[in-house]
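Participant: In order, the protein sequences belong to chains E and V.
Numbers 0 to 301, taken from numbering that gives the first Met the number 0, label the letters of the first sequence in order.
Numbers 0 to 301, taken from numbering that gives the first Met the number 0, label the letters of the second sequence in order.
Simulated from the structure, these hints should not be mistaken for laboratory data.
Among the hints, a few may not be true.
Result set (DSS-like, lysine-lysine): computed pairs, CA atoms no more than 30 Å apart in a straight line [unchecked claim]:
| hint | chain 1 | residue 1 | chain 2 | residue 2 |
| --- | --- | --- | --- | --- |
| 1 | V | K297 | E | K102 |
| 2 | E | K45 | V | K276 |
| 3 | V | K297 | E | K45 |
Number of protein chains: 2
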Amino acid sequence: MIELTILGCHSATPRENKHTSSQLIEVAGNLFLIDCGEGTQMQLRKSKAKFSRIKHIFISHLHGDHFYGLIGLISTFRLLGRTTDLHIYGPVGIKESITLQLKLANSWTNYSLYFHELSSTESELIYEDEGVTVSTIPLDHRVYTNGFLFTTKSKMRKINTQAIEGLELEHFHFKQLQQGQSIELSKGELIENEKLTFSPDPPKQYAYCSDTAYNEKIIPLIKGVDLLYHEATFLESHSDLAAKTKHSTALQAAKIAQAAQVKKLVLGHYSNRYDDKAAFIDEASRIFEMVFLAEDLKTFSI
Amino acid sequence: MIELTILGCHSATPRENKHTSSQLIEVAGNLFLIDCGEGTQMQLRKSKAKFSRIKHIFISHLHGDHFYGLIGLISTFRLLGRTTDLHIYGPVGIKESITLQLKLANSWTNYSLYFHELSSTESELIYEDEGVTVSTIPLDHRVYTNGFLFTTKSKMRKINTQAIEGLELEHFHFKQLQQGQSIELSKGELIENEKLTFSPDPPKQYAYCSDTAYNEKIIPLIKGVDLLYHEATFLESHSDLAAKTKHSTALQAAKIAQAAQVKKLVLGHYSNRYDDKAAFIDEASRIFEMVFLAEDLKTFSI
């Protein structure tokens, strides 16, 4: 299960009720933050999330609408008395920028801050624990940019409650079965795992792709994901602007979703020039049916 | 006339409806910004000010709640197509911090950005035009900090409408009178300026003092100002915290106001620990009567 909360999904300049990019991902006991536009800490408070639980922050690129709220959040963690380590993943330069501002404020964090600077143009695994992996999705933008792919691990086989009926199983038998082992009953009888369990749920996958020009290279990396957030800064009527600024249109996002055979597509990173967002759905749904609009503080479950 | 708009008056961490330090000053045709906490650009939009008119920004110190919104505002000016020069006044290091972030975003401004880095511990004149001067008020805080004193110039004498009755005055005569010159009528008659005019309005003064410990050294610099904004992060019940963090209590702010014989005192920069602000007025008004509370988006006229 992956729970996604959109904290902000608008591009360029933050306005009242139009917050710039940031997302919260609750998965396998982690609370991850992706991107951190100015004002993200206020959105975190509004979302009612226990944001002190965030231990890993993934920054796609160093444009202000994805990054200028990070120093404030780091500073607020300090003021709230945080002692837990914080890991920041982002383009080379992110460490220098944050540490310079902490130095000028003479306000070093009283918790440890670890920077994981990214520079590869190939997808790489950047985080892994027992329940989830996070890898990069290299994107095509005006500056070095990565999307992020979250993949849950499915470790536990599921007990077939009908098949175990009548067997005298101890607690440790259940553990062994979930872990894929065959079991030995107290009378010495051996039973193969497959006879008593079902396969685990398939892994769940969430892909965040913002900001990027239309880029078919990402298709194999996001093949079949359960949910794809793909930027749609523009409509096709402004495809020239999209090309010039290395952003995508709603139609281009849908093309990527279709080619990658993803299950659901969520559009966001809208340009401020559009008041009515219905046209984004109309344009994308011409070629991809399961398309949804991101909204600030909207949640999606996978 | 000086028009002051409080954009944010809370300390430390920005929250919904509790914005960190920033103020707009409309004076002598200028729109000045003092300090720029995270989210200031959203507050500027809410205030309905034509904030593209801001040409000079004064930053007291490089703590986040006074500074972390500046890079976002600079970036927004770029996105809005600004071409007018922008002047930034603040502690040494402000240029490096802002330019590093612009470099990392590969987003240089298409307008000229001038940094005026401050390092003096004596008051200095940092801005002057025909209508106003701005000078620093060195403060006592954990990092190098300046308050700012705005003083209007009173150049124009005021026409005595009763005295000029019956005289045949041309447009240029009015200008001469306002500028303090005596005039010659068309018949050759000379009239002394003082007979037809009153003295100009006295200059108006606004002093911004945040953040600072109780500091009697500022008293001669702010003597008799029309309005003093003095930080009151704490109440006397937390005077130990005030001393430790180099902030002031409401009572200390009032003592400064009293000693400097200012006309009005406005308190702000409240710690988030206080929900009810009435106690700030109660405490300060024990020794200084004309005391007011800053509130986000409240305005004061001088």
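Participant: Would you mind marking each hint as holding or not holding in the structure?
Facilitator: Verification of the supplied hints:
{"no.": "1", "hint": "V/K297 with E/K102", "verdict": "violated, 33 Å"}
{"no.": "2", "hint": "E/K45 with V/K276", "verdict": "holds, 23 Å"}
{"no.": "3", "hint": "V/K297 with E/K45", "verdict": "holds, 24 Å"}
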